[in-house]
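Chemist: Please arrange chains B and C on chain A, whose structure you already have, making use of the hints.
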Amino acid sequence: MVLQLNYFLLLAAALFCIGIYGLVTSRNAVRVLMSVELLLNAVNLNFLAFANYLDPADIKGQVFAVFVITVAAAEAAVGLAIVLAIYRNRDTIDMERFNLLKW
Amino acid sequence: MPQLPNWINLVEKEPPEDLAMDVVSLAALNTGTIVPELLVIGTLLLVLLADLLSGRQASRWTPYLAVVGLIGAVVSLGFQWNMPVAEGFLGSFQADHLGILFRGLVALAGALSILMAIRYVNEAGSALGEYMTILLVATVGGMFLAGSDEMVMVFVALETLGLASYLLAGYMKRDVRSNEAALKYLLIGATSSAIFLYGLSLLYGLSGGETRLSAIAQQLARQDISQSLGVLMALVFVIAGIAFKLSAVPFHQWTPDVYEGSPTPVVAFLSVGSKAAGFALAIRLLVTVFPGATEQWQFVFESLAILSMVLGNVVALTQTSLKRLLAYSSIGQAGFLMIGLAIGTPEGYASILFYAFIYLFTNLGAFACVILFSLRAGTDEINEYAGLYQKDPLLTLGLSLCLLSLGGIPPLSGFFGKLYIFWAGWQAGAYTLVLVGLVTSVISIYYYIRVVRMIVVKEPQEMSLAVQNYPALTWDMAGLPELRATLIACVVVTAVAGLLANPLLTLANNAVTSTPFLQPQIQVAQK
Amino acid sequence: MEQALYQYAWLVPVLPLLGATLVGTGLITFGEWTSRLRRGNAVLILLLMGVSLTLSVALFWSQVLGHDPYTWNFTWAVAGPFHLEMGLVVDRLSSLMLVIVTTVALLVMIYSDGYMAHDRGYSRFFAYLSLFSASMLGLVLSPNLVQVYVFWELVGMCSYLLIGFWYDRVAAREAAQKAFVVNRVGDFGLLLGILGFYWATGQLEFTGIADRVAELLAAGALPMWVATGFGILVFLGPVAKSAQVPLHVWLPDAMEGPTPISALIHAATMVAAGVFLLARMMPVYEHLPVTLQVVAWTGAFTAFLGATIALTQNDIKKGLAYSTISQLGYMVMAMGVAVPAAGMFHLMTHAYFKAMLFLGSGSVIHGMEAVVGHDPIKAQDMRNMGGLRKYMPITAATFLIGTLAICGIPPFAGFWSKDEILHVAFEANWGLWLVGWLTAGMTAFYMFRMYLLTFGGEFRGLAFGPGAMQVEELAHTETHGHASEPHESPLTMTLPLVILAVPSVLVGLVGLPFANYFEHFLEEPGSALQVVPELAGFDWGEFLLMAGSSVGIGLIGITLAFVSYGGKFTGVEPLAERFPTLYEFSLNKWYLDELYERWFALPLRRLARQALETDYRIIDGLVNLTGLVTLVTGEVLKYLNNGRVQTYALVILVAVLGLVLVSGLS
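Protein chains in written order, with my numbering: chain A, 12 to 114; chain B, 796 to 1322; chain C, 23 to 688.
Chain A on its own, in the form it takes in the complex (with noise of 0.2 Å):
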């Protein structure tokens, strides 16, 4: 069998659902988070995909998904310290409670 682009884009795409699927049910603070990092996984698949298969040459997917990683590990960290401030301030992470800035 011979692995297809597609099958990659799929993957990626699927990837891509759960992780808006999770970033919108879930109730855990911490969880949202890691739906975004599913999030970004998704798009360095993409990314690795199409640098294997359309740019072996300079594989530039390549150093961007790099970059991604580099910003998602960024990215972790400032939302961990957020919610470690929130939670500090309101003993919870529960999603359902930030809502005191409304309408």
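A hint or two may mislead.
Stated by the list, open to error - Quick list of in silico lysine-lysine cross-link-like pairs, BS3-like style, CA-CA up to 27 Å:
hint : chain 1 : residue 1 : chain 2 : residue 2
1    : B       : K1118     : A       : K113
2    : A       : K113      : B       : K968
3    : B       : K1118     : B       : K1253
Hints are computed from structural coordinates only; laboratory data are not their basis. All of these numbers come straight from a predicted model, not from anything done at the bench.
Modeler: Chains B and C in isolation, oriented as in the chain A frame:
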């Protein structure tokens, strides 16, 4: 040869032009193009170092250092303006005139927000040094975003701006509202940038492995797939990421919450600097990458503009907090700006620049007033402003002028901004957009005037509690003179920029006509 | 040298603006400190005004010597084919106005130092005065209609600010509001007229419009009635600003402002702006005879109405205000018969003598306040005055000069200018002349009534004042004078009076009917002034007949005034006894305020209330409820922002999907 899906019909790529390109010298990178950004980076390192070495002592002078650095960046941008248009980093960074003006706007917004923040941050008991460092990082991100011409660079710049903004939004870390604002901003920001990134990855694949924007466009054109579903998906995904930055409806919902919860100087920066960078990115990305789908993206922005103008201005009517009102107003204002984007004519882009310049000073002036009032009276509620004119004439005058200018009352500068945008829209035949803009700006006048009336018209006995207990006007606390200077500067520009409209507009027009990547659009417009 | 002079002409309006900005900024930012400077501010503003005056005189003189008109334009805004220019034009008309405005403004400022000496708002007052002068000078220099409109609004704004200067007085606030509302009507007309002319001709410059209108009318491309309509719309601006019937009602109320303001803005300069605009528009109006007819009759009727009301006023400032309305009517009438030179001539003489009269009345009020206390109703009522000649000799002498001037007694300034107007009116239409002639008689009567009540006889104090006849008029005010006799005003107040007396006597001599330097100056631009007195060809008989008849009716008026008020004033109006109906009619200002109240204000208010009630009754379904619908929409839409970040994310995703679908399908 790996098997390719049938929707990618790759045309044979041209061989690499020159192998010597692989080994590049520093001179070939053309580092000169990012001198302004380097200045800001140097400044932020100095501020960080000074803060580390001498702690809070340093916060007496570091704000000035930061502002001098940013002003230096603006000055060096001025020098760059006069130099021939250059590509930096093998085309990843464009120092064209459009970019230069937007970078200048971002840097100015950063400088003014630092001056406004000194008293506010001190009062909250937070560290000023870190605040400035993060704000400078955000500024650098915005400036890079306004000039970057390559997907990796766009993404990194976008995230630099974004991550710094999330931190700033949560800077009052003991305040639950600030926490919540930061969390919301982060989650929505991360989601949008993931969608944006997904769009970029599609573009990378569709173009057969290109990351430079112009190269992508060439590839798309060569394969003749500019109208295919893949490209349209990529287009919409990319627009979603940009629209988040512009807070265009329906990607706006974070805006009021974040504006309400975040520290006010940060909001001031977000409402102006971040938005200016967003517009720069929008113009560059859409015009460069999607010339084949111009109709589609203009249609999308037309819908976004109408939705933003209507929803932003209508919901602003019902707000009770001035910060939240300004949030919805900024959504509406972004809608007006998007008219310039949706019509896609040179005049449209020039009027975006002009309006953004005026909006910078007017909005920052309004936020400076909000900061001043919350420092003195401790609240942002509109009702608490009642009768303020009897206690604080400067604040009354400043806030009234800025709000009236936002509402577009002549002869204040906001009127001229709107005038040029609407005129450009009318010329381009976008009658619906202009009519919606006119109607909604009439609506907007209503809620701006409501605030002004609250301040000015009330009888002495109707004065609010906050105003009754208003402290005596003193300006000798650290940071207040800077706040006052910023306020006066913004108000003066707001009042007179309309009268100097012509040189400013000429500048904007020159920037548009001399920017290389806009040339095809200009030629289309000339026909 | 001369060219350099013209290159600095822009300084004339900019210098007062600078003064106003400096003092204004100071007041806003360092309020306490700046207002403590008092005289410092005044001196700064006076100095800048003095420089403006010098420049204006130099420009005027250069125009007299025959320098070409100077125009300087810069592009203010370009939007494609639409081209908006701003700039300044120094020609004979504008240089003349510059001199009038700057001299009167400077003298009024000097006067204000004395008049406002004890006022808390001293510095603020000077800032406003300076701002007003700057706007007025800008208006005078405007080369096109848009700039005129901008400055028109600015002088209007200054006027409201200054009428409401004592904003803690209810009457002052209401007067400011009234002035605002009434002027809005006129300004709206003016704006429509400007837009109309722009639409028809594509021009904004005065001569440009005139040429195009002439062409279009000749070619039949523009119907006459449309052009006439535009002309009348533009005329609505002067109707409001120059207090012509039916929009004159704001001017008497505007007397609630400080007296120097009444002199500068509401007598000498701003109210004359309307006449000035008519003079500027004259090249256009020349092609529109019907419009000119309307202008002329409006002016004549206003002159008549103002004079009849002035006959019975007891408040010295109100009396002068109606006199101003009447005199403005003369000027507008002169414009209406298309002889702008005559109108401008009267504008100039009137500016000087009416400013002097107002400043004199201010001096009287200042003196009266020492006796009756700081109550405008009592201090301005002529029934409380009398015999002031003894206590205030300088004021009395200058007031008499002003009175003689306005009555048209030769050789005072007013005689020449009024006679000129009557003369040209007679040539155009004897009906106009008749109205003007009758008005001249009434003018003489009411001015001498004013003079005699104020300065003649014995000092009365509160014997016959308000409340003496009807106690309830003043039930709540108490008297607290601190002197038994009025006193002469300080030098800073009397000096401007004396200085203004000079032009009030002499300035008419530049426009002798047989050696009319003035008319020549205005009507033949660009040539040096060489008037050979045309004594030979001058029709002395006609002149003597015209002048004799108007002096005659003036003398009759004066005699009647002496008969009625020369003796001891008993508190009973002779007129009221003989013609009670007419007296009431005049005293109540033709019941116009009541009429407006009943015909416009009340129905509008009722309509508003009914609209409000309908609002409540039938909330949905009515078109004029859009506002409410908008609010409700906003109220509903805002709940979409439910504060849950995950909903926001979902909205974004749905929007992305929707956009993909829509743009994919389209």
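Chemist: What are the numbers of the hints the structure violates, in ascending order?
Modeler: none
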